[in-house]
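Asks: Be aware that the sequence shown starts at 59, since it is given in the numbering used here, and climbs by one per residue.
It is possible that part of the hints are untrue.
Derived lysine to aspartate or glutamate pairs resembling EDC-like cross-links, with alpha carbons at most 20 Å apart [what the hints assert, rightly or not]: (1) K151 - D184; (2) K235 - D179; (3) K151 - D174; (4) K151 - E111; (5) K67 - D225; (6) K137 - E111.
Please keep in mind that the hints were generated in silico from the structure rather than gathered at the bench.
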Amino acid sequence: MALGSTIFKAQLQVNDLDRHYYASHALTIARHPSETDERMMVRVLAFGLHADESLVFGAGMTSDDNADLWHHDYTGRVKLWIDVGLPEARLVKKAAARSDRVMVYAYGRTAGMWWDKNRADLNKLDNLGVVIVSSESSQQLARCAERGMQLDCTIQDGEVMWTGADDAFAVALDTVKRAA
Numbered sequence: 059m060a061l062g063s064t065i066f067k068a069q070l071q072v073n074d075l076d077r078h079y080y081a082s083h084a085l086t087i088a089r090h091p092s093e094t095d096e097r098m099m100v101r102v103l104a105f106g107l108h109a110d111e112s113l114v115f116g117a118g119m120t121s122d123d124n125a126d127l128w129h130h131d132y133t134g135r136v137k138l139w140i141d142v143g144l145p146e147a148r149l150v151k152k153a154a155a156r157s158d159r160v161m162v163y164a165y166g167r168t169a170g171m172w173w174d175k176n177r178a179d180l181n182k183l184d185n186l187g188v189v190i191v192s193s194e195s196s197q198q199l200a201r202c203a204e205r206g207m208q209l210d211c212t213i214q215d216g217e218v219m220w221t222g223a224d225d226a227f228a229v230a231l232d233t234v235k236r237a238a
């Protein structure tokens, strides 16, 4: 018998002073049985960084044809495709061909090696941005994971402050490639 996804609920308050975006989002997050708390919470972080009423969680790791998060316009066109983890370069290229903008949030001990290995291919994609979430930050995010979460994401001058139930910390992000 296959295991089903575990459902997490999060109330995410986003205060993005850089974009002048202030909203509270009630998120329902399905965590695949093979997904870690760390990966799930990096997905939630990515949501906070790009928060918008039209941004939704996709099938992500269960399908190569779906983003972890994405934003479609009213015509169905993919405006923003977000992948979390260390995706294969061919999948990033495919996403870049299908959407206006692609963001990859790489995390984990090998994120830097993943970027070094794929840099030459991925630098050719003008609509791609790549951000490496520090291992320490992704592990701190994982410690915030609970079935019911109250989270706060504050963004000011490119810096991110994250607050969970018992912890508040700055999220260390390294933008290694900016989308044009």
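Asks: Give a verdict on every hint.
Replies: Evaluation of the provided hints:
no., hint, verdict
1, K151 - D184, "holds, 11 Å"
2, K235 - D179, "holds, 12 Å"
3, K151 - D174, "holds, 16 Å"
4, K151 - E111, "violated, 26 Å"
5, K67 - D225, "holds, 18 Å"
6, K137 - E111, "holds, 13 Å"
Checked against the numbered hints given earlier, the structure breaks only hint 4 and satisfies all the rest.
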